[in-house]
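Colleague: Go by the hints and put chain B onto chain A.
Line by line, the protein sequences give chains A and B.
Numbering follows the UniProt record's numbering, in which position 101 of the first sequence is assigned residue number 101; successive positions increment by one, without gaps.
Numbering follows the UniProt record's numbering, in which position 14 of the second sequence is assigned residue number 14; successive positions increment by one, without gaps.
Since the hints were made in silico from the structure, they are not lab data.
Because the structure is a prediction, the values reported are computed rather than measured.
Hints should not be assumed to be uniformly reliable.
In silico DMTMM-like links for lysine to aspartate or glutamate, alpha-carbon gap of 25 angstroms or less [unchecked claim]:
no. : chain 1 : residue 1 : chain 2 : residue 2
1   : B       : 79        : A       : 122
2   : B       : 85        : A       : 88
3   : B       : 85        : B       : 137
4   : B       : 85        : A       : 24
5   : B       : 110       : B       : 92
6   : B       : 85        : A       : 122
7   : B       : 85        : A       : 211
8   : B       : 79        : A       : 124
9   : B       : 85        : A       : 18
10  : B       : 85        : A       : 25
11  : B       : 110       : B       : 88
12  : B       : 79        : B       : 105
13  : B       : 79        : B       : 20
14  : B       : 79        : B       : 35
So the derived list for chain A, only partly shown, Cβ under 8 angstroms to chain B, looks like this [said to hold, decoys possible]:
no. : residue
15  : 28
16  : 29
17  : 31
18  : 44
19  : 89
20  : 102
21  : 106
22  : 107
23  : 109
24  : 110
25  : 114
26  : 118
27  : 129
28  : 394
Covered, in the sense of this in silico footprint (three residues per stretch, anywhere, with C-beta under 8 angstroms from a C-beta of chain A), are these stretches of chain B [to be verified]:
no. : region
29  : 6-18
30  : 21-34
31  : 46-52
32  : 55-69
33  : 81-94
34  : 110-120
Positions of the beta carbon are idealized from the N, C-alpha and C atoms, including for glycine.
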Amino acid sequence: MAGPDEPAFADAPTLSDDDAALVEDLLSGSHRALARVITKIENRTPGYRAIVSALHEHTGGADVIGITGSPGAGKSTLVDKLAAAYRDRGDTVGVIAVDPSSPYTGGAVLGDRIRMGSNVGDMDVFFRSMSARGQLGGLSTATADAVKALDAFGKDVVVLETVGAGQNEVDVVRTADTVAVLVQPGSGDDVQTLKAGILEIGDVFVVNKADMDGAQRTVAELEEMVHRREGGTTGRGAGHHGAASMASTGRGDSAAGHGDGHHDGDHAGGSEHGESDAHGAGDSDAHGAGNSDESWTPDVLETVANSGEGVAALIEAFDAHAAYLRESGEIETTQRRRYAAEIRTLVRADVGALATAEIERRGGIERLAERVRDRETDPYAVAEAIVGPIADCVDEAGDGDRDD
Amino acid sequence: MSAEQQERAVRCLVAKVGLDGHDRGAHVIARAFRDAGFEVVYSGLHRAPEDIVQAAVQEDVDVLGISILSGAHNTLIPKVIEGLKEYDAFDDTLVLVGGIIPDEDEADLKEQGVAEVFGPGTPMEETIEFIRNNVPERA
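In isolation and in its complexed conformation, chain B is listed as follows:
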């Protein structure tokens, strides 16, 4: 017997992966997410895919947003997704990618399990709306 209120919050990991030192975008996103009422964990720069996986699993995030501007997405993102699967965390994590992704790669990434790719100029509201509508239901 407990009339206790649930306090659910959307948890996001904003991640920078690989040799890409540009994190202004990631900062702006992190801040916008915070203002949208999400709890945001920022990975810091230059993380290896396995670091991102570790953070996503331990923090039990609903959303993993990977910012990547270096062009190495075809190498790095599959590794992250593999890692999530290894820890049984892929099915209920919404994986998003932001940054410079050529159209022809976008389809591939989605094939592999990325839910959406957000390119330059995407309005912040659009990303936030997407998360609100697609955040995985959890028990």
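Looking at chain A on its own, in the form it has when it is part of the complex:
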């Protein structure tokens, strides 16, 4: 058993010489190096952790925007127009677009790039497709690390695009500062499904294809939902169990473990923002409620991604949210929560890997399952036998005196 011989924070992973050169190249602006670093992150090439570790101190400069929504809602097209608009005002842009991969072959067709028609030939838009590769819960780690690479490279804005299909994807966009949820008109059922988890994560809601029939109705439905969400939660209360408990206890396993399941429950209440009424939709209702100047009410905007209509207003809303995060101090809470989630995910993955190795040593999962089937043993006993030694090591390290 690989016991934790060193104290917890003593050593950052060490960079190999090649990787150190790669980091150097990335920081000095080599596109090739940036692309290669993201590949290493994706492949989990040995040494990638040291690279991300080395990049961390150079991050924090980018606004990270997550865009999610059902397939066909127009995410990629909107991202393309957003990137072009950011470029027009002089910002450099990084995009990570996540597509599903086949659970059977692992293969994938990553189609988001086709929509990037407004930015072909512009190297200051760095667009990267990633597949979900069956990484169990690791997808959000991989995308968060890729965002760090783009951030460290010096991108002003990083957009993270993903299909809002399940918990994995929700975890991905939650690594962004500002999350936009895209909905297409006439998708009453769509809005229904949004309730289950995705609604809570939106800082901005976008009804795309707003020139289609039913757009107004969808806007109204969303307005109503945003409204209900306001009434449903008690002010900033939900903020507690996210970062607050992490910050105060430093352990936070149980309390924060729940907290991070809910992105920003503290959106409720009023808002100081009135400028984002791109189309005048429901502005007075959405923004009039309450008078706390400390919380954010999601905007509901309309866009036509194909023509670029509403994109400017959307960027305004993103900027407003970024400003809100900074001015209210919410950004610190958000970041703490995000890093807490990252640490937890990594630790779980590593401990899980230790356990997997232990399972292998005991003849593999198949054989263990067969023994359970034969009533020789039971799942709890097997789990105990595998985790026991790991727990012992942790106890030992904690006590400082060895008594086994």
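Modeller: This is chain B only, laid out in the frame that chain A set:
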């Protein structure tokens, strides 16, 4: 210390370059590659050589498959290869060409750095096998 599993996948860019609007073949190839377990990025139609280079560099693909049926390969493909070299990406990218390429041009293209040319009627397995055997080793 990390017992983490590597998850390596072969990444391919299937590219259409120039004024050539026939992409059925490219679609079929993209799909076959996907089913072979590769990750496939499709460029879309009518891309300029520099667009292809941008995509290949940013996506960090192992394989660049250029489909070309217009006869402009002698003009366009050298530009793509030049661009890859400019970004230091040529050495570890396997460049393949598919489409209608006369035999006498094939030798020229290979001279310039195209690894293989696949004409009409090439069995899909052959192309996939070629990629599996020739995909560049990377650190």
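Colleague: Check the structure against each numbered hint from earlier and tell me which ones fail, lowest number first.
Modeller: Violated hints (numbers, rising): 2, 7, 14, 15, 16, 19, 26, 28, 34; every other hint is consistent with the structure.
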